[in-house]
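Got two chains here, each in a separate frame; can you build the complex from them with the hints?
Just so you know, the sequences run in chain order A and B.
Position 41 (the first sequence) corresponds to 41 in the numbering used here; numbering is contiguous.
Position 161 (the second sequence) corresponds to 1161 in the numbering used here; numbering is contiguous.
Hint data in this document are derived by calculation from the structure and do not stem from the laboratory.
Wrong hints could be hidden among the right ones.
To be verified - SDA-like cross-link-like pairs, simulated, lysine to any residue; straight-line CA separation at most 25 Å:
#1 B/LYS1045 <-> A/LEU7
#2 A/LYS71 <-> B/ASP1302
#3 A/LYS33 <-> B/LYS1045
#4 B/LYS1212 <-> A/LYS80
#5 A/LYS9 <-> B/SER1114
#6 B/LYS1212 <-> A/ARG5
#7 A/LYS71 <-> A/PHE34
#8 B/LYS1095 <-> B/MET1023
#9 A/LYS33 <-> B/ASN1196
#10 B/LYS1212 <-> B/SER1148
#11 A/LYS58 <-> B/GLY1166
#12 A/LYS33 <-> B/MET1023
#13 A/LYS71 <-> B/LYS1300
#14 B/LYS1192 <-> A/SER17
#15 A/LYS33 <-> B/GLU1203
#16 B/LYS1045 <-> A/LYS58
#17 A/LYS33 <-> B/GLU1187
#18 B/LYS1095 <-> B/ARG1213
#19 A/LYS33 <-> B/ASP1195
#20 B/LYS1234 <-> B/TYR1327
#21 A/LYS9 <-> B/LYS1212
#22 B/LYS1191 <-> A/THR31
#23 A/LYS58 <-> B/LEU1149
#24 A/LYS9 <-> B/LEU1163
#25 A/LYS80 <-> A/ARG5
#26 A/LYS70 <-> B/SER1148
#27 A/LYS33 <-> A/SER2
#28 A/LYS58 <-> A/GLU38
#29 A/LYS9 <-> B/LYS1095
Unchecked claim - Derived CB-CB ranges, DEER-like:
#30 A/CYS74 <-> B/GLN1236: 29 to 37 Å
#31 A/LYS71 <-> B/GLU1086: 37 to 45 Å
#32 B/VAL1309 <-> A/CYS74: 25 to 33 Å
#33 B/ARG1076 <-> A/GLU38: 47 to 55 Å
Being a predicted model, the structure only gives us computed values, none of them experimental.
Cβ coordinates follow ideal geometry from the N, Cα and C atoms, glycine included.
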Amino acid sequence: MSRQRSLEKIAASEYVSIGELVRLTGSRYSTLKFYTEEGMLPFEQEEENLTRRFPREKTVARIHEIQGMKKQGCSIPEIKKLLQE
Amino acid sequence: MEDLTLAQGFAIISLNALDSRHMTTAKRMALRCISAAAILELYLKGCFTEKEEQLVLNREVLVQPNVLLYQAEVLRHIFKKKTSLEGTFAWWLMKASALSDKSLKKVEHAITDSLKGLNLVEEIPTLLGCDLLYVTAEITMREYRSNSLEYNRQVEGTRSEVLEEGELTDEDIAKLWLLRESACLNEIFTKKELDNVLIRFNELYQSSRLAKRLFEVCIHHMAETAVKNFLSFKKQIMSTPVGTGINFDFPFIERSQSVFIDTEAMFSKPEKRLEDVLKRLNHYGHEVTVIRAGVVPLLKIDNVLYEAVPDAVMGKIPIQGMRLRRYQI
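Chain B on its own, in the form it takes in the complex (with noise of 0.2 Å):
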């Protein structure tokens, strides 16, 4: 059990389940958000200088042993070769949060590699990958993947402290800041909390000196946020019973929940056809348990059931295989 920083607590729960080698929206949100949160610590830890409004913080900062990689990477980009900046607590925060994909890039190997140290974070394939279309393209998909008990910490801490009457710290309230910029407060909060969610947001603006100077900082992108949300609901509304049964017939609807897994041979029996895909899934480092053999196997797959459902798609010729699509519990 290790004390997180409110950067690495925070990536736990956002890049979870996020795409590690390709630079997504959801991911840039992420990112910027952390990258605010390393100026966020930097500014709890008492760093900056303050001179009236402005924030002033000196190139020396970089070199302190108390300044963790990640921050020194976020400074880096802030600096590029000036030796002091001054700003006000909202400049700083922007400027953090609107780095270029390049750097954040940079910022999130320097944060997940921290956590990777602590077996906190890892690298997992993604089923998507197994994909006909994916194999033949030759593209190699993994994403991130928390540690449940850690990540369940941190969601569950966040929330507890929100949702129960009671003083915030300084660390919950940057955090919930965070949250709202990410667009991630809808995955930890549920609709009915989030009223609650916003009562406190109120209070703690009249309440709090830092909550009234953060809450007025938006670095979020409208266009970003609203991309964000269509995905996510695009995949929740296909996770439904009747969502499944539609991106079983149109699979480009939400290709992350119909994968496509061509078999070798043409008409073959049903074990043939499940030792092919077993094959394939195994090949791609994923944990497969045939929960049900037979025409339409029930297979377990990393932790989720979906079944394998014979089908076949339309090439140059028509290629046999079998779908894997979400199981309903």
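Just chain A, same shape as in the assembly (with noise of 0.2 Å):
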């Protein structure tokens, strides 16, 4: 039997999982799916089949960063770029 982490201990680790990530960020999963697959989002996996594990600080900077250029009226085309810079 396997137990959900507490918020407390998400925000100290230094990995966490897809869904952790949208506890933590409150971005819904269909938006952190799709900046994962556009390739926004820093991930690592150690076999194809198993799951990704992100590195929590990198990616939550990384996804207000977006939010952020989001807010300014950027396109994903356009942030792609800027933070491929």
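Written as structure tokens, this is what we have:
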């Protein structure tokens, strides 16, 4: 039996799952999934079928960065370009 | 940001937009599941003593400081005057979900109070309460509204855990079962996603001990599920462009989508009619913004757009007023 991690534990851990990212940032799952598929969020995956692990600090900062750019009116291709620079 | 319990998280999803004053079918289903969630929490916390297949619980648990108020409320109604109870896992869940309406109401107060204290749930007036028939009958209607950020967090958190590959926690398995039993699954997953959810149910049934125990238990009542599904289907149909038109001519089909507000004077000017409508809406505590004035004004009421179309209903004498019709974007 595995139990859900508390927010306190999630906020202190180095790596988090996409579900935990949703809980941390309040973003929609489909949005984060889309960002991941578009290569906008960094993640690690040991083997193809294993769960993706996201470096917490870096990913949360990246999500806030994307949200900020969206508020300024940037489109997704523009954001992707800006993130790559 | 708070760590919510299983029952609190489920209540945020299931009680949102439900009538807060009357025991509707949808609310009864949600409350039955909230009561079952309280038992599941105690089970996951290890409060039960397991003797072979039987789970034993003593009344003393009620005074333990780690037992929350709503959990104690559910247990009090199950124990009644008994000092100790023993039953299978399914028996406990069935017992918790079979509480009377009176007991469910008490559980509702206990759980919503805990959420109101965290500013995660509030009671807001229902737009239907402004309708002529409801105003003259002096029926006050209010509904629950969950904090949108927390609602999003709960719904999207569950969606991501279930749809993403990887192991599910016990809380997620329990929440998935609660969503199934309360007929809320189709509210948070799309039709296409539901196919994957079904596959997940089968996988979990084979791989998890808790899922195997839990998924065999059915606490829902077929008649209630049918009523809830029919009502939500009706609402969905009446929200389409064609449905909105039909409902305008036959408002009794879906009253909540076609609200009639009577105006003070007959044959009044558009400005006066709008003034009367705004007065009624403001009196009942709705946030209204006039987007467009004129003969058919466009109003934004509690973040939803409505057109106010001049209309009349036949009583002993014709009553003139305006009918609010959902505006299709």
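| task | Starting from B/LYS1234, check that the Cα of B/TYR1327 is at most 25 Å away, please. | result | Holds, at roughly 18 Å.
query: Is the distance from the Cβ of A/LYS71 to the Cβ of B/GLU1086 consistent with 37 to 45 Å?
result: For B/GLU1086 against A/LYS71, whose Cβ atoms are near 58 Å apart, the range 37 to 45 Å is violated.
Exercise. Straight-line Cα separation of A/LYS58 and A/GLU38 no greater than 25 Å?
Worked result: 17 Å, holds
| message | Check the hint pairing B/LYS1095 with B/MET1023 against an upper bound of 25 Å on the C-alpha distance. | response | With a Cα-Cα distance of about 19 Å, the restraint between B/LYS1095 and B/MET1023 holds, given a limit of 25 Å.
ask   = Given a hinted range of 47 to 55 Å, is it respected by the beta-carbon distance of B/ARG1076 and A/GLU38?
value = 52 Å, holds
Requested in this report: Assess, step by step, whether the Cα of A/LYS9 is no farther than 25 Å from the Cα of B/LEU1163, and give holds or violated.
Outcome: 23 Å, holds
With the threshold set at 25 Å, check whether the alpha-carbon distance from A/LYS58 to B/GLY1166 stays at or below it. Cα-Cα ~22 Å, so holds.
Restraint check for A/LYS33 with B/MET1023, where alpha carbons must lie at most 25 Å apart | Roughly 38 Å between the alpha carbons, so the hint for A/LYS33 and B/MET1023 is violated.
For a C-alpha distance cap of 25 Å, please report whether B/LYS1212 and A/LYS80 respect it.
44 Å, violated
### Query
Taking only the CA atoms, is the gap from A/LYS33 to B/LYS1045 under or equal to 25 Å?
Violated - the C-alpha atoms of B/LYS1045 and A/LYS33 are around 32 Å apart, more than 25 Å.
**OP:** Below or equal to 25 Å on CA atoms is what counts here, so check A/LYS33 against B/ASN1196.
**Re:** 16 Å, holds
Under the criterion that the straight-line Cα-Cα distance not exceed 25 Å, is the pair B/LYS1095, B/ARG1213 satisfied? 16 Å, holds
Violation of the numbered hints given earlier is confined to hints 3, 4, 10, 12, 16, 21, 25, 29, 31, 32; the remaining hints are satisfied by the structure.
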